[in-house]
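> Add 5 to a position in the sequence shown, counting from 1, and you land on the number used in my numbering.
Source of the hints: derived by calculation from the structure; they are not laboratory data.
Honestly, I wouldn't trust all of these hints.
[Unchecked claim] Label pairs and their calculated CB-CB ranges:
1) Arg112 / Ala135: 19 to 29 Å
2) Gln35 / His244: 53 to 63 Å
3) Asn215 / Thr183: 17 to 27 Å
4) Gly122 / His244: 53 to 63 Å
5) Leu146 / Leu59: 33 to 43 Å
6) Ser28 / Lys69: 15 to 25 Å
7) Lys155 / Ile34: 36 to 46 Å
8) Ser28 / Leu146: 47 to 57 Å
9) Ile211 / Arg164: 47 to 57 Å
10) Ser28 / Gln160: 55 to 65 Å
11) Asn215 / Gln177: 25 to 35 Å
12) Val81 / Lys155: 32 to 42 Å
Note that the coordinates shown come from a computational prediction; the quantities given were computed from them, not determined experimentally.
Ideal Cβ positions, reconstructed from N, Cα and C, are used throughout, including at glycine.
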Amino acid sequence: MDISEEKTWVSLKSLDIGLGAESAGDIIIQQFVSFLSEAREEDFVSFRPLMQHLDVFLHSKLHKSHPDLLRFCLSVLLLSHGQATVERGFSVNKEVELCNLLDEALRLVCDKVITCGGILKVPFTKELLASAATARSQYRLYLDNERKKKESATQELKRKEAEKELEDHRNQRWVLITVCDSLEVDADKFAEMAEGKAGTKMAELITKSNSLRRRHKDKKAELMQLDKMIEEKAKQLRHLLPC
Numbered sequence: 006m007d008i009s010e011e012k013t014w015v016s017l018k019s020l021d022i023g024l025g026a027e028s029a030g031d032i033i034i035q036q037f038v039s040f041l042s043e044a045r046e047e048d049f050v051s052f053r054p055l056m057q058h059l060d061v062f063l064h065s066k067l068h069k070s071h072p073d074l075l076r077f078c079l080s081v082l083l084l085s086h087g088q089a090t091v092e093r094g095f096s097v098n099k100e101v102e103l104c105n106l107l108d109e110a111l112r113l114v115c116d117k118v119i120t121c122g123g124i125l126k127v128p129f130t131k132e133l134l135a136s137a138a139t140a141r142s143q144y145r146l147y148l149d150n151e152r153k154k155k156e157s158a159t160q161e162l163k164r165k166e167a168e169k170e171l172e173d174h175r176n177q178r179w180v181l182i183t184v185c186d187s188l189e190v191d192a193d194k195f196a197e198m199a200e201g202k203a204g205t206k207m208a209e210l211i212t213k214s215n216s217l218r219r220r221h222k223d224k225k226a227e228l229m230q231l232d233k234m235i236e237e238k239a240k241q242l243r244h245l246l247p248c
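Please construct the entire structure, taking both the sequences and the accompanying hints into account.
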């Protein structure tokens, strides 16, 4: 039948797919509406095509709760696609759907199909059949490699962050050491100056010296705490380095 000259409308209610009842179409419609409402659930939203095949996922959702809808879908998938023969200028991209493949691989496939004169004219060579037989294992290998690359990139990012934190801690340590030395020198200076003074002036110099020594003590405590942080961060960085 030429689809450009005639359109055929098929009502679900008139279909006979082995359900044995006139209301088969109504049942399918009801199950389809119910299935659409379930499609808003978390399992559908979080579906990841890289981790699971779409047909396997849909079958797991349909075969128990919507068996009539599943049987109808299987029947539809068995229908002939003969109208493709009258479409002279068909698009290879519409006939061949390659999901989750690299753009370069898709381009090579399309170029090969075009070179052969169409998807129906591609010769089934031994090499092609062997490649198709191992496609699933190759795809799993590709996913494993991508996962390892992602883990490696994450590990590298963590390593760089740890290196930056360690460098910041070391710079902070150098500043604390400089401050501690300066406080200690100033405290000793005021103490020496107080030795040659008496009365209020001596008390003032001693107060300044003691104040600087307390600050020096606090900075020393900060320095000790920072040394522990540096040691822990260095240990963490050693675990992040590649073996």
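> At the C-beta level, are Lys155 and Ile34 separated by a distance inside 36 to 46 Å?
The hinted range 36 to 46 Å holds for Lys155 and Ile34, with Cβ atoms some 43 Å apart.
> Determine whether the Cβ-Cβ distance between Asn215 and Thr183 falls within the hinted range of 17 to 27 Å.
holds (21 Å)
> Okay, Gln35 versus His244 on CB: inside 53 to 63 Å?
Because 57 Å falls inside the window, the suggested range holds.
> Starting from the hint 55 to 65 Å, judge whether the C-beta atoms of Ser28 and Gln160 obey it.
holds (59 Å)
> Within 33 to 43 Å: is that where the Cβ-Cβ distance between Leu146 and Leu59 falls?
This hint is violated: roughly 21 Å between Cβ atoms.
> Cβ-Cβ distance between Ser28 and Lys69: within 15 to 25 Å?
holds (21 Å)
> Given the hint of 53 to 63 Å, check if Gly122 and His244 actually sit that far apart at their C-beta atoms.
Distance hint for Gly122, His244 holds at roughly 58 Å.
> Can the suggested window of 47 to 57 Å be confirmed for the beta-carbon pair Ser28 and Leu146?
Between Ser28 and Leu146, where Cβ atoms are some 49 Å apart, the hint holds.
> Could one say that the CB atoms of Ile211 and Arg164 fall in the range 47 to 57 Å?
For Ile211 and Arg164 the Cβ distance comes to about 51 Å; the hint holds.
> Determine whether the Cβ-Cβ distance between Val81 and Lys155 falls within the hinted range of 32 to 42 Å.
holds (38 Å)
> With 25 to 35 Å as the target window, see if Asn215 and Gln177 comply at their CB atoms.
holds (26 Å)
> Honestly, do Arg112 and Ala135 meet the 19 to 29 Å range at C-beta?
holds (22 Å)
When each numbered hint is compared with the structure, a violation occurs for hint 5 only.
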